[in-house]
Amino acid sequence: MKALSIKNLTKVYNNGFEALKGISLDVQQGDFFALLGPNGAGKSTTIGVITSLVTKSSGSVQVFDTDIDLDSETAKSYIGLVPQEFNFNGFEQVKHILISQAGYYGMPANEAEPRADELLKQLGLWDKRNTAARALSGGMKRRLMIARALVHKPQLLILDEPTAGVDIELRRSMWLFLKTINEQGTTIILTTHYLEEAENLCRNIAIIDKGVIVENTDMKSLLNRLDKETFILDLKYPLSHDFTLSNYNCQKIDTNTLEVELKRDEGLNNLFTTLSQQGIEVTSMKNKANRLEELFLALVDKSEATL
Amino acid sequence: MTTKLARHRVAFTTLLSREIRRFIRIWPQTLLPPAITMTLYFVIFGNLIGGRIGEMGGFSYIQYIAPGIIMMSVINNAYSNVASSFFSAKFQNHIEELIVAPVPNYLILAGYVAGGTARGLLVGLIVTIVSLFFTHLSIQHIFITISMVFLSAILFALGGFINAIYARSFDEISIIPTFILTPMTYLGGVFYSISLLPEFWQKVSLLNPILYMVNAFRYGMLGASDIAVEVAFAIILVCIVSLASFALYLLNKGTGIRN
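Sequence lines, in order, name chains A and B.
Mapping the first sequence onto the numbering used here, position 139 (from 1) lands on 144, and the numbers just tick up by one.
Mapping the second sequence onto the numbering used here, position 169 (from 1) lands on 153, and the numbers just tick up by one.
Simulated from the structure, these hints should not be mistaken for laboratory data.
Quantities reported herein were computed from a predicted structural model and do not represent experimental measurements.
Please note that a few of the clues may not be correct.
Unchecked claim - Pairs of lysine-lysine residues, derived as DSSO-like cross-links and limited to a Cα-Cα distance of at most 27 Å, are as follows: (1) A:Lys7 to A:Lys225; (2) A:Lys26 to B:Lys237; (3) A:Lys7 to B:Lys(-12); (4) B:Lys(-12) to A:Lys215; (5) A:Lys133 to A:Lys215; (6) A:Lys146 to B:Lys237; (7) A:Lys158 to A:Lys133; (8) A:Lys133 to A:Lys100; (9) B:Lys187 to A:Lys158; (10) A:Lys12 to A:Lys26; (11) A:Lys100 to B:Lys237; (12) B:Lys237 to A:Lys293; (13) A:Lys12 to B:Lys74.
As the list claims (entries may be wrong) - If you only want the chain A side, here are some residues facing chain B, beta carbon under 8 Å, derived: (14) Ser57; (15) Val59; (16) Phe69; (17) Leu75; (18) Glu90; (19) Gly95; (20) Tyr110; (21) Gly111; (22) Gly190; (23) Leu200; (24) Ile258; (25) Gly272; (26) Phe277.
The beta carbon of each residue, even a glycine, is placed where N, CA and C say it ideally should be.
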């Protein structure tokens, strides 16, 4: 079953700006889906239309086979939204925010309270349950928005840049949490500017630019299109002044760091063999740039060239 | 399986209890000022000046103005509660919590209006208690008294809602109360009987809906009114239906809340 099906969606704002130019997109139930694009590409408008925050100009949106125009209440009941900006009442207590949100979805207080308690504990907000939301730190506010989106047990969770401005430790704990709820059956759609996040979490991906979907495929196929990768190698001992690495395009960054470009058909084993033969010992290695980042930039550049 | 009706009931009570929690949490801004202001009205207009005015409509002046002062506080508070709460929800974007949820627009309207009505009635009760320190009040027609204060609170809560929909700044939710609501209230027979006015101004006063509310409420409490009570009920009901329909139309259209 499709968790989301968008057909020929367009949105023209009152000022004439055409934010969406007839996009079509399907997300299967259980998927962890990335919707990527540069700023102003149309990601938030797309999410706004799905969640009824933005009125579409034309096209159709179905959530679990329910058309948002024909039965918006049912369609809305499937969705949990974590928006980009903080949008809760800062003067309300954390727990009240969750219980109220559950109430709007028809969950009575005797069910909402234990559910809110469960989420507050899972997301590390239990100690702050009676605190006014405005007094929370930025990371806690992000977690509160995730808890609020999940309080009514949605089948489709939409996260619009949920880790923006969040430190790396918290970001990684949020990834783990999202992976867990995805494994438990919740379909997740994620927009993010951290492409490492999308690469780590998502199985399928769509890239939108200037209101048009420029790529829609599975993550593996997309990454396979990379024909070369650049690695940074940290070396145990300094390189000699006359160091060269034949057959490889490489560059010495400093005496203990080497940058090597590898084609897809060149195995890492061959590189390490060559280095070993020269007595070079590698202590660690990393990609110079995130793989998805390279593809993303290439696709967006391409779309700009064709527009 | 929860029925749609049960879900709607939960959503409505959630919204209403959130609204009540809000005005109780900020009671120094919502409940205390009307009690102090109305005490001053009773002291100055009732005791100090009222003693020199003598009787009006067969009652002491303070008795005559008490129903109008109670109604004035109900109207102002019902209006400002919804106007400020709904506008704040727009301003802080937490109106989105309701828009993304399966809450039909008529329930959003009903929840906010019920919240405003609750504050109007609570403030009305507080002011009534305050008035008992200054004068003796008895209720002649309990049904008319209660239904009129209830309908008036609903009507002005609807007015506050429409104001908040159109408002784009906090200034715009104070313009209507300052420049329209307050003059209408003062000219709506709170402090005088319109029989004191020249005939032309009596006719002009009949265009003011607050005149009907104040007089019907006064009739409920004192048994005296400048206008027919049936006409007052009919006018207020028509106004409620008109404003509710318009507010719902604006919500369905997404005016001020959706792109």
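So, going through the hints one by one against the coordinates:
1. A:Lys7 to A:Lys225: Holds - the C-alpha atoms of Lys225 (chain A) and Lys7 (chain A) are around 20 Å apart, at most 27 Å.
2. A:Lys26 to B:Lys237: holds, 23 Å
3. A:Lys7 to B:Lys(-12): With a Cα-Cα distance of about 24 Å, the restraint between Lys7 (chain A) and Lys(-12) (chain B) holds, given a limit of 27 Å.
4. B:Lys(-12) to A:Lys215: violated, 40 Å
5. A:Lys133 to A:Lys215: violated, 41 Å
6. A:Lys146 to B:Lys237: violated, 31 Å
7. A:Lys158 to A:Lys133: Since the Cα atoms of Lys158 (chain A) and Lys133 (chain A) sit roughly 22 Å apart, the hinted pair holds (cutoff 27 Å).
8. A:Lys133 to A:Lys100: With a Cα-Cα distance of about 8 Å, the restraint between Lys133 (chain A) and Lys100 (chain A) holds, given a limit of 27 Å.
9. B:Lys187 to A:Lys158: Violated. Lys187 (chain B) to Lys158 (chain A) sits at ~60 Å, over the 27 Å cutoff.
10. A:Lys12 to A:Lys26: holds, 11 Å
11. A:Lys100 to B:Lys237: Violated - the C-alpha atoms of Lys237 (chain B) and Lys100 (chain A) are around 32 Å apart, more than 27 Å.
12. B:Lys237 to A:Lys293: violated, 50 Å
13. A:Lys12 to B:Lys74: violated, 30 Å
14. Ser57: Holds, about 6 Å.
15. Val59: holds, 5 Å
16. Phe69: Nearest chain B Cβ about 13 Å off; hint violated.
17. Leu75: Hint on Leu75 (chain A): violated, closest Cβ of chain B at ~14 Å, above 8 Å.
18. Glu90: holds, 6 Å
19. Gly95: holds, 7 Å
20. Tyr110: holds, 6 Å
21. Gly111: holds, 3 Å
22. Gly190: violated, 20 Å
23. Leu200: violated, 27 Å
24. Ile258: Not OK, violated: Ile258 (chain A) not within 8 Å of chain B, min 46 Å.
25. Gly272: violated, 49 Å
26. Phe277: Violated, because the Cβ-Cβ distance from Phe277 (chain A) to chain B comes to roughly 52 Å (cut-off 8 Å).
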